[in-house]
Every structure is written in C-alpha cells, then in structure tokens.
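Listed below, chain by chain, are the residues.
There are 2 protein chains.
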Amino acid sequence: MRLYSASRAPNPRRVSMFMAEKGIAGIEVVQVDLGRGEHRSDDFVGKNPLAQVPVLELDDGRTLSETRAICTYLEGLHPQPNLMGEGFEERAFIEMMDRRCELQLFLRIANCVRHTHPGLAMLEQPQFGAFGVSQGDKVRATARWLDGVLAGQPYVAGERFTIADITAFCALEFARGLMKFRPGQEGMDHLQAWRDRMAERPSAGAI
Amino acid sequence: MRLYSASRAPNPRRVSMFMAEKGIAGIEVVQVDLGRGEHRSDDFVGKNPLAQVPVLELDDGRTLSETRAICTYLEGLHPQPNLMGEGFEERAFIEMMDRRCELQLFLRIANCVRHTHPGLAMLEQPQFGAFGVSQGDKVRATARWLDGVLAGQPYVAGERFTIADITAFCALEFARGLMKFRPGQEGMDHLQAWRDRMAERPSAGAI
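First to last, the sequence lines map onto chains A and B.
Everything in the first sequence is counted per our numbering, starting at 1 for the first residue and increasing by one.
Everything in the second sequence is counted per our numbering, starting at 1 for the first residue and increasing by one.
Don't read these hints as lab results, they were simulated from the structure.
All C-beta atoms in this analysis are idealised placements derived from N, C-alpha and C, irrespective of residue type, glycine included.
Treat the hints with care, since some could be wrong.
[What the hints assert, rightly or not] Derived CB-CB ranges, DEER-like:
id: 1; chain 1: B; residue 1: G76; chain 2: A; residue 2: G61; range: 29 to 35 Å
id: 2; chain 1: A; residue 1: I24; chain 2: B; residue 2: P81; range: 28 to 34 Å
id: 3; chain 1: B; residue 1: D42; chain 2: A; residue 2: P154; range: 24 to 30 Å
id: 4; chain 1: A; residue 1: P154; chain 2: B; residue 2: L123; range: 44 to 50 Å
id: 5; chain 1: B; residue 1: D33; chain 2: A; residue 2: M122; range: 41 to 47 Å
id: 6; chain 1: A; residue 1: R62; chain 2: B; residue 2: A193; range: 23 to 29 Å
[What the hints assert, rightly or not] Here are some of the chain A residues that sit facing chain B, going by a computed Cβ distance under 7 Å:
id: 7; residue: T72
id: 8; residue: Y73
id: 9; residue: G76
id: 10; residue: F88
id: 11; residue: E90
id: 12; residue: R91
id: 13; residue: A92
id: 14; residue: F128
Can you build the whole structure from these sequences, using the hints too?
In structure tokens, the structure reads:
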C-alpha cells in the first residue's frame, strides 16, 4: 500500500495520527506538493478525481480517498487499538462526535483559513474574506460547546481516546497555526487542557 | 425509539429514505418546526446541543444525532438490505462516495441555498450572497464529476444501491427545489437519468 499525503495539510495529518496510534508501519508515504499544484496533475487526478489528499493506494491498484473512509479501511485491517467503536452502537456514537468535530469545527476552521489567508489563495478561489471571518466566529461557538463537553468527560467521545479526538485535535492545530486560536486565552480551559494532553501523545508528532 | 425530524429539510429526508429502503417501521416521528425555531427550544437543545435535526432518541433516553451516525445505528439494528457495506473494505469504499456526495455536493448546495435564499435567513446568519453564488458554481463542477461516474456504473458507489445514492439524491432534490437545478438541462444526462430512476423508488416519497 502507498499513502499519498502532504506534510503540512490537516487532513493527511488525521490519517498519520490514526496510523501512529495503531502502530501501523510499512506503508510507503508519497508527499504531494500542494503549493506546486501536484494534486492537480493528471497522474494524481487519476488517483483521486477530486484532486485531494490523502489517498490510499491499495496493493491491487485501487485508490481510496476521503480521510475518514481511509481510517475505516485501516481500522478493519488493524483492529487494535480500536478507535472507531466496537459494535454498531458505539460506532454510531463515536461517529456522531467525529462528525460534529469535522462539520462544525474542522470544516469551519478550513473555511475561515482558506477564505482569509493570502497564502491559501492557491487552494481556494475565489476567496470571500467576510465569510471567512464569520466562520471564525462560528468556530469559537463550536469550541465553546466542546469545552463544555470536555468539562464532563476526558475525551471527545467519552471515556477513551477515539478518532473524534484526532479530528478535533488536528482541527485545533490547524486553527492554532493559521488562526492563532488558543482556547485557554479565550476562557476555554477544559478544551485547552485536553488539547495539551493530546499534544503529549507520541502520535501528535506524526505529520 | 423516537425520531425528531422536519418534513421539508434535506437531512431528515436522508434518514427517512434510509428507513424506507430497509422497511423500518414503528419508530415514532416527531416533527420539529424549524420555521418557528423549535430546534432552538430548551427542550430540543437538551436532545442535541447543536440544535439540528434529525435526532434519534433511544429507548434508554440517550439521543443520537448526525444523519450518517443515525444510519450507522439503524444499519446495525436492521442489517438487511445492506446499505453501508458488508465488511470493512466495502464499507470504506461506500463511505468514500458517501462523503464525496455529502461534502462536495450536499454541503455546497446547502451553502448556496442558505446564503442566497431570503426564506432561509432564519437558519443562516449572516448570509453572504456572493459566497453562496460561488458555491453554486462548485455544485455544478461536482455534479459534472458525478455525471461522469454514472456514465460508467448504475449507482453512485458501484453496482448496487447504497447510502451514497440517498445522500446524492436528497442533495439534488434540495437543489431542484431551491436552486432550480436540473442536471439534464445542463448536459448531464447520466446524472439526470440516475436521478429519475431514484425518484421512482418508493423510498423517494418518504419525507
């Protein structure tokens, strides 16, 4: 298998962290240079017609894209430690939290950054600055909700580390770099403490 | 179990269609009036702090939200007919197509409609019209990609009907009503033919 990744992009980081938590080794990683537009090359678009990283190329040549779908596949190949739920009930509740973190936090951070940051104009055309700023406000609303969740439980989906922690952590790391967002500086102490615990995991360095 | 739904909203429709395909009956459906802001009531926010439909209330009182997570749960309870994949490999490839339809089609249609339609100002504040129009252009780009997919296979994820067809169909129905988007009028004949076949399924009427 071969993973097409991009070392500073947040979605590939989710897969890298997921693999590190499971101790998955031996998958060749090919870096795609987004800044040079390599994701739009004929060769790469042949692997993912939507021109996005990450992409997992299987040994039979088929290509699987979409971050969470790649994680579903890797979880099947490497079931332990379980990160997406044992049985359908737990899977559903973890998926709920994972989706909330992805749709309400991760995507809004991406929208904010892509529409406001001059350096990301090569990824987002046209940019709508006022929309991006407004998305930043919604990021903070979601972060406050998550701060409340983490006041009552140690991990995003409950009592143990799951894929939802990876999604939320990679989202916040993206916001930390490009929105200069620090939950603790805005009174979200539970979210900051959780973020700092996540940053200590060895998998947090897998980029 | 009890399902909190909203009869004209596209996400609840995805769950209704999923249930109809499986022949699931006996779940009490409670209509939430979005126009009157019932989704923001204390009672409803107690069920989903993010104030969104649909929500599935389990018999033990726990509440599960997020459309696809609800489907994961219902697929576990009612495995046949399978709509989300048998085994992790098929599950991953169906999830890939479902996510593409959700993130690149459904969410962009929602963004277009919510930011351009005066009647949806109660759901989206502030509205950014130019952003919404631009999302409409991206909807068409994704629709053209999907038209190409459906030139080569009968269903969105391959040879059989899956949750990805439901996501794409409910997205296009949303666009049909509020964006007046007809794929066939824009040269996307495969997509139009697939849409018309989907509309003939009894589940298409489950709203």
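Now for the hints, and whether the structure bears them out:
no.	hint	verdict
1	B/G76 to A/G61: 29 to 35 Å	32 Å, holds
2	A/I24 to B/P81: 28 to 34 Å	33 Å, holds
3	B/D42 to A/P154: 24 to 30 Å	27 Å, holds
4	A/P154 to B/L123: 44 to 50 Å	34 Å, violated
5	B/D33 to A/M122: 41 to 47 Å	44 Å, holds
6	A/R62 to B/A193: 23 to 29 Å	26 Å, holds
7	T72	4 Å, holds
8	Y73	4 Å, holds
9	G76	2 Å, holds
10	F88	2 Å, holds
11	E90	10 Å, violated
12	R91	6 Å, holds
13	A92	4 Å, holds
14	F128	4 Å, holds
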